[in-house]
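In the working numbering, each residue's number is its place in the sequence shown (first place is 1) plus 156.
The hints are simulated quantities; they were obtained by calculation from the structure and are not laboratory data.
It is possible that part of the hints are untrue.
[What the hints assert, rightly or not] The calculated label-pair distances, taken between Cβ atoms and stated as ranges, are:
1. LEU161 <-> LEU266: 11 to 21 angstroms
2. ILE235 <-> GLN198: 14 to 24 angstroms
3. ASP164 <-> HIS227: 32 to 42 angstroms
4. GLU175 <-> GLU208: 21 to 31 angstroms
5. GLN198 <-> GLU163: 30 to 40 angstroms
6. PRO202 <-> LEU161: 28 to 38 angstroms
Since we're looking at a predicted model, the values are computed, not measured.
Virtual Cβ for every residue (Gly too), placed ideally from N, Cα, C.
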Amino acid sequence: MSVTLREDTPREIIAPGRERYLTHTNNLMVVVIDFTDGPSEQPDPPHSHPHEQITYVAEGELLFFVGEVPHRLVAGDLITVPSGVPHTIQLLTSRVRLVDTFSPIREDFLKAQS
Numbered sequence: 157m158s159v160t161l162r163e164d165t166p167r168e169i170i171a172p173g174r175e176r177y178l179t180h181t182n183n184l185m186v187v188v189i190d191f192t193d194g195p196s197e198q199p200d201p202p203h204s205h206p207h208e209q210i211t212y213v214a215e216g217e218l219l220f221f222v223g224e225v226p227h228r229l230v231a232g233d234l235i236t237v238p239s240g241v242p243h244t245i246q247l248l249t250s251r252v253r254l255v256d257t258f259s260p261i262r263e264d265f266l267k268a269q270s
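Input sequences plus hints: build the corresponding full structure.
Right, dumping it as structure tokens:
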């Protein structure tokens, strides 16, 4: 068991106006991402990964593209992304907070923290 306190957890700056922190077990990872660089004129470049993903919108509003299909999401909404499917986001508000859950864990995120 572990406890991740927001104020005690180092944040990784992944791009200007974008930072994240995370916790994980052997098979499950939760990542909190704060965006303060919105709204965006265009979607971010799409990406895919072999992990299953569930995203919870904790704050703000965005377009979440799964494949070519845009989904307008607001705080309280959830979306699932199957393994290997291209996806991306476009921020619609100045501030967005997402909580991403991945299975299996994102080893690449752990390496980035080192």
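- Message: Are any of the numbered hints broken by this structure? If so, which, sorted upward?
- Response: none
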